[in-house]
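Using the sequences and the hints given, assemble the complete structure.
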Amino acid sequence: MTERGLPGASVIRRARRSDAEALSGFAARLFRDTYSSDTAASDLDSYIYKNFNSARQETEIADPSAAVFVAMADDLIIGYAHVLVRSADGRSALLNRFYVDAEWRGSGLARGLLDAVIDESGQRAVSQLELTVFERNSRALAFYKRVGFVAIGSTTFMVGADLQTDVVMQLDLIGRLDGGST
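Just so it is clear: in the sequence shown, position 29 is 29 by full-length UniProt numbering, and no numbers are missing.
These aren't lab readings, by the way, just hints derived from the structure by calculation. Source: prediction; values computed, not measured. Watch out, some of these pointers could steer you wrong.
To be verified - Listed next, the in silico SDA-like pairs over lysine to any residue satisfying Cα-Cα at most 20 Å (straight line):
1. K50 - D75
2. K50 - F98
3. K145 - T34
Rendered as structure tokens:
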């Protein structure tokens with residue numbers, strides 16, 4: 001993937017291993033900002049320690065079954081997406097993480113990141129994209145519905161020792177990959 005320009009001075013590109021430390025800090029900050037009102041600090045700390053350390057980010061960036069995209073502005077990460085092809089036949093992918101800095105919400109950045117994920121999915125012949133989103137994250141739920149994701153069920157998600165409920169959503173990529181729009 002080549003770099004993709006966005007509104008303002010921002011660019012979306014594939015993450016590099018050298019981005020791991022900055023990505024770790026960005027993801028931890030956004031996760032904490034987003035979920036601190038619904039989750040105990042000790043549970044947030046546990047989850048962040050396990051999932052957003054630099055070594056884990058390096059591993060995710062290097063994983064050939066995944067793609068990590070970063071949105072950059074002034075050499076700072078302002079958004080990121082992590083997609084993982086997960087089915088044996090390669091037809092299904094999981095949008096594992098999708099974060100946009102609060103200052104950039106409403107700017108078109110989220111749509112640009114999603115376009116990068118959909119382009120990557122098309123290159124890998126993925127026909128459906130799934131994600132899970134915390135049931136109380138109304139902003140994210142509204143965005144995903146607006147861009148065509150449909151709720152297909154629910155699942156549980158552990159944040160530290162806190163068992164939470166996530167909505168499972170799916171986006172059919174057939175048609176979108178053949179010239180359709182997001």
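Going down the list of hints, with the structure as the test:
1. At most 20 Å may separate the alpha-carbon atoms for a hinted pair to count; K50 and D75 exceed this at roughly 26 Å.
2. With a C-alpha separation of about 18 Å, the suggested pairing of K50 with F98 holds against the 20 Å cut-off.
3. Taking the CA atoms of K145 and T34, the gap is about 19 Å. The hint holds against a cut of 20 Å.
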